[in-house]
Amino acid sequence: MMSITLTESAAQRVADFIAKRGKGVGLRLGVRTSGCSGMAYKLEFADHIEADDLVFTDHGVSVLVDPKSLPYIDGMELDFTREGLNEGFKFNNPNVKDACGCGESFNV
Amino acid sequence: MALLQISEPGLSTAPHQHRLAVGIDLGTTNSLVASVRNGVAMVLNDADGRALLPSVVRYQVNAAPVVGYAAQHMQSRDPFNTIVSAKRFMGRALADIADAASYPYHFADAPSMVQWRTAAGVKNAVEVSAEILSVLRTRAELTLGGVLMGAVITVPAYFDDAQRQATKDAAQLAGIHVLRLLNEPTAAAIAYGLDNAAEGVYAVYDLGGGTFDISVLRLSHGVFEVLSTNGDSALGGDDFDQRLFCWILEQARFPDLTPEDNRLLLTHARAAKEALTEYPEVSITAVLASGLTIDMVLTAEKFNELTAALVNKTLQPVRKALRDARLSIEDICGVVMVGGATRMPCIQAAVASLFGQPPLTNLDPDKVVALGAAMQANVLAGNRQDEEDWLLLDVTPLSLGIETMGGLVEKIIPRNTTLPVARAQEFTTHKDGQTAMSIHVLQGERELVTDCRSLARFELRGIPPMVAGAARIRVSFQVDADGLLSVAAQEMQSGVQAAVTVKPTYGLGDEDIAKMLQAGNTFAREDMAARALQEVRVDAGRLIDATQTALEEDGTNLLSSDDYANILAAMQALGEVLLGTDHLAIKAATEKLNQATTEFAARRMDTHVRQALAGQNLDEISSKFG
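First to last, the sequence lines map onto chains A and B. Quick note, the first sequence lines up with residues 1 to 108 if you use our numbering. Quick note, the second sequence lines up with residues 109 to 734 if you use our numbering.
Next up, chain A with everything else stripped away, as it sits in the complex (with noise of 0.2 Å):
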C-alpha cells in the first residue's frame, strides 16, 4: 500500500496557501535528480491534474505525484514547522539513507 501523508498542519497551510493564491487543484509533491547529494524535493502548486499521476488525499488536501517520483517518496509525510523566525514544510521521508548537511538533497 502506497501512501503519502501530511501531517494536520501542513494540510492547514496548504489549503490556506490555495486559497491566497486563488487557484489551484492541489499540491505537487516529486523528485528531481540534482543537487549536492543526488536527489532534491520537488514541492510545487499544482493547477492540474496530468493523466499518470497518483492523487493522494489527506486531510482534504490533494497530494499529486507523478510514477517515476513515488517510489522514492513513498510513506512520507509532510509536515510544517518554524525554526526561529523561519517557517515552512519538511519531508519525513523514510525512503533516504543519507542527505547533504542541509537536507535539501538525498540519497535512497
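For the record, the hints were derived by calculation from the structure and aren't laboratory data. A few of these clues could be false.
[What the hints assert, rightly or not] Example chain B residues on the side facing chain A (calculated, C-beta under 8 Å, incomplete):
1) Leu-111
2) Glu-116
3) Gln-605
[As the list claims (entries may be wrong)] List of simulated lysine to aspartate or glutamate pairs, DMTMM-like, C-alpha gap at most 25 Å:
4) B/Lys-421 to B/Asp-432
5) A/Lys-20 to B/Asp-303
6) B/Lys-700 to B/Asp-714
7) A/Lys-20 to B/Glu-307
8) A/Lys-90 to B/Asp-154
9) A/Lys-68 to B/Asp-156
10) A/Lys-90 to B/Glu-249
11) A/Lys-90 to B/Glu-116
12) B/Lys-539 to B/Glu-643
13) B/Lys-421 to B/Glu-438
14) A/Lys-68 to A/Asp-53
15) A/Lys-90 to B/Asp-156
[What the hints assert, rightly or not] Distance windows between CB atoms, simulated:
16) B/Asn-412 to A/Thr-57: 51 to 57 Å
17) B/Gln-280 to A/Asn-92: 37 to 43 Å
18) B/Gln-605 to A/Lys-68: 55 to 61 Å
19) B/Asn-412 to A/Ala-19: 35 to 41 Å
20) B/Ser-328 to A/Gly-75: 51 to 57 Å
21) A/Arg-21 to B/Ser-328: 23 to 29 Å
22) A/His-59 to B/Pro-187: 53 to 59 Å
23) A/Thr-57 to B/Gln-280: 48 to 54 Å
24) A/Arg-21 to B/Ala-155: 58 to 64 Å
Just so you know, these numbers come straight off a predicted model, no measurement behind them. Heads up, the beta-carbon is just placed ideally off N, CA and C, and yes, glycines get one too.
With chain A's structure known, arrange chain B on it following the hints.
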C-alpha cells in the same frame, strides 16, 4: 533539514539555489520587509512579531548602532546620536534642508550630503539608511533561511536622481543587491492586484506620518505608467495629532505645561485620533505634572471639524496631479489608500466624495507598499512564469536637458516622460574651428541655466575643425528603469564621443522640486521673454563674429569703401542695441546687418568658388564633382 516553501508549477529551485528575494519599504518613519512565500506575499515580522521597524538609528561609543524600537525609545534622552527621518536627508545638502534648525542634531559641514556628528563619528543619510536596511536584511535571511539574491526597494515617485542613487548606495552598503527601485504608488497598485485588473487609470493616495503623496497611474497592456505625482512633504498624520493637541490645550486652558506634559498630551491626542477610527467618541483623561487632571470627551464630529482644513489640504494636490495628467475625476477607475493616516474615517470620506467612489482599503495601509515590492521582487527573481510578468514604467520627475549658447536650457526629455527612455538631439558648434564642446546636463522646468539644477558636466573633445554650424553633435539621454540618467555625446563625422553616467551631486529637496515645478509655471512669461532675448543675442553675436571675419579677409578687396562703411555702421548699430534688453530692437538690427551683408556674402562665395576652380582642368573638376 532545511524548510521548504511551495513553488509555482515547474519552478522548484535546485537545492541551495533558492532565489530569495524581498521587497523593502524604506520609509521616513517606519520600514518593512516582505517576501512572497508559498505563493503569498507576506510581511516578515521580527522575533517579537512586530512588522514595522521604526526608521530610527542610535549611534553609540564603541558599540554597534541600535536600530528600531530600542533606538526610538532613546530619542528624547539621546537626541544628538539618535537619527530619525533620515529619508528626508537622502541625497540632500544641508542648504537644501529648509528646516534644518528645527532638528536637534549636530550637523557637520559637508559639500555634498548632510552629515551628522554622532558618538560613533560622522554619519550621513546613506549610512543611516544602510543600518536600517541591514537590520531588515538580517531579519529576512533568518526568516527565509538563506542568503538574499536581491531586493526591490521602494522610493517616492518624485525622488530625483540623487535621491534614487543615494538609496541604491545605502542598499549596497548594507550588502543588498538592488533588483529594482520601484515607485511607492506603483508598489501599492501591484499589491492590490490592479495589474490583473482591466485597463484604466488609478490614483494612489498616500498619507503617511509626515508626508502626503498623490500619484496617478495608468495601467495599459499590463504596463504601469506613472502619469503624474504631487503632494505635500510637510503634511501627515502627525499634523492631525498636533491639531488635536492644540485643541486639548485650548479647552483645558492650563498655563505653563512642562515638556513632559506636552509629550503626554500629544500621546493622548494620537491615541484619541486612533480610537476614533472605531468609536464615535472617546474620552481623553490625563494627569499632569502639576497634579491637575484633564478629562474631556471628543466626538468624531468635533474631530472632523477640527481637522477639516488638513483634510482639504490634501485635496488640492490631488486636483493638481489630475490636471498634470490632463485627466478629470471621472477618468479614475479606482483609488488606492496607502499610509497609516488613511485609516481615519474623515480621510476616507473626503477621498470617496472627491472621487465619487469608495477607495480601496482592504489591505493594511502600512504594509501595502512592502507587499507590492515583494511581489515585484518575486517576479524579477524569476519565481513566476513569464506570462504573468509585469513591466513597470515610471516617469521622470523633472525635465532633463543641456545648456546651449547664452545660458539657455534645451530640454531633451520633458518631465513626466515614462521610463525607461532614450532621446537624442543634434547640436552643432558655435565657432569656426571649434574642437571641443562642453556638455552641461541640467534638470528643471525653467528656461535659463541659472534657474535649473546642474546634474553633470563633461567635455566632448577631438571634434575636427570645421566652420561654425557644420559639425553634427548628437547628444543622447538615456534614463533606465530605476530612473538613473546617462548622457552621451558623439560627433557624427569623426565618431569621437564622450559620455557620463549621472552619479548626481547630491542636493535637491522635495520642497525644491515642488518649488521648481511651481516656478516653471509662475515664471513662464518671464522665462519666455528671457529665452527670446537670449536667442536673438546669440544670433546677433554669431552674425557679428562672421561679419568681422569676412571683413578682415575680403573686406578691402571685394567692397567699395561705401559698402564697407555701411556694413561697419550696421554692425556697430547692432553692437549697441545688443547691450540693451529690447529683443525686438536686437532682432531688427540683426536683420539690417544681414541685409547689408547679403551682397558681400554672395560676392565672397563667387570669389572662393572661382579660386577653388582656378588652375584645374575640366577633367579634374568633373572627377571631383561628378
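How the hints compare with the structure:
For B/Leu-111, the shortest C-beta to C-beta distance to chain A is roughly 3 Å, which falls under 8 Å, so the interface hint holds. A hinted interface residue such as B/Glu-116 counts as satisfied when its beta carbon comes closer than 8 Å to some beta carbon of chain A; here the least separation is about 6 Å, so the hint holds. The interface hint given for B/Gln-605 is violated, since its Cβ lies 47 Å from the closest Cβ of chain A, which is over the 8 Å cut-off. For the given pair, B/Lys-421 sits about 18 Å from B/Asp-432 by alpha-carbon distance, which is consistent with the 25 Å threshold.
With a C-alpha separation of about 17 Å, the suggested pairing of A/Lys-20 with B/Asp-303 holds against the 25 Å cut-off. Between B/Lys-700 and B/Asp-714 the CA atoms are separated by roughly 22 Å; this keeps the pair inside 25 Å, and the hint holds. The suggested pairing of A/Lys-20 with B/Glu-307 holds, with an alpha-carbon distance near 23 Å, which does not exceed 25 Å. Simply put, A/Lys-90 and B/Asp-154 have alpha-carbon atoms about 22 Å apart, close enough for the 25 Å limit, and the pair holds.
Among the hinted pairs, A/Lys-68 with B/Asp-156 is inconsistent with the structure: their alpha-carbon atoms are about 44 Å apart, more than 25 Å. For the hint pairing A/Lys-90 with B/Glu-249, the CA-to-CA distance comes to about 18 Å; that is within 25 Å, so the pair holds. For the hint pairing A/Lys-90 with B/Glu-116, the CA-to-CA distance comes to about 18 Å; that is within 25 Å, so the pair holds. With a C-alpha separation of about 16 Å, the suggested pairing of B/Lys-539 with B/Glu-643 holds against the 25 Å cut-off.
About 21 Å separates the Cα atoms of B/Lys-421 and B/Glu-438, which keeps this hinted pair within 25 Å; it holds. About 10 Å separates the Cα atoms of A/Lys-68 and A/Asp-53, which keeps this hinted pair within 25 Å; it holds. Note on A/Lys-90 and B/Asp-156: the hinted pairing holds, with a Cα-Cα distance of about 24 Å set against a maximum of 25 Å. At roughly 54 Å, the beta carbons of B/Asn-412 and A/Thr-57 sit within the given window of 51 to 57 Å.
Between B/Gln-280 and A/Asn-92 the C-beta distance comes to about 41 Å, which sits within the given range of 37 to 43 Å. For the hinted restraint 55 to 61 Å between B/Gln-605 and A/Lys-68, the CB-CB distance of approximately 58 Å keeps it satisfied. Taking 35 to 41 Å as the suggested C-beta distance range, the pair B/Asn-412 and A/Ala-19 conforms, at roughly 38 Å. Checking the proposed 51 to 57 Å range against B/Ser-328 and A/Gly-75 shows it holds: the Cβ atoms sit about 52 Å from each other.
With their beta carbons about 26 Å apart, A/Arg-21 and B/Ser-328 fall inside the hinted range of 23 to 29 Å. Range check, A/His-59 to B/Pro-187: about 55 Å between beta-carbon atoms, so the 53 to 59 Å window is met. Remark: the range hint 48 to 54 Å for A/Thr-57 to B/Gln-280 is upheld by a beta-carbon distance near 49 Å. Separated by about 28 Å at the C-beta atoms, A/Arg-21 and B/Ala-155 break the suggested range of 58 to 64 Å.
The structure shown violates the earlier hints numbered 3, 9, 24.
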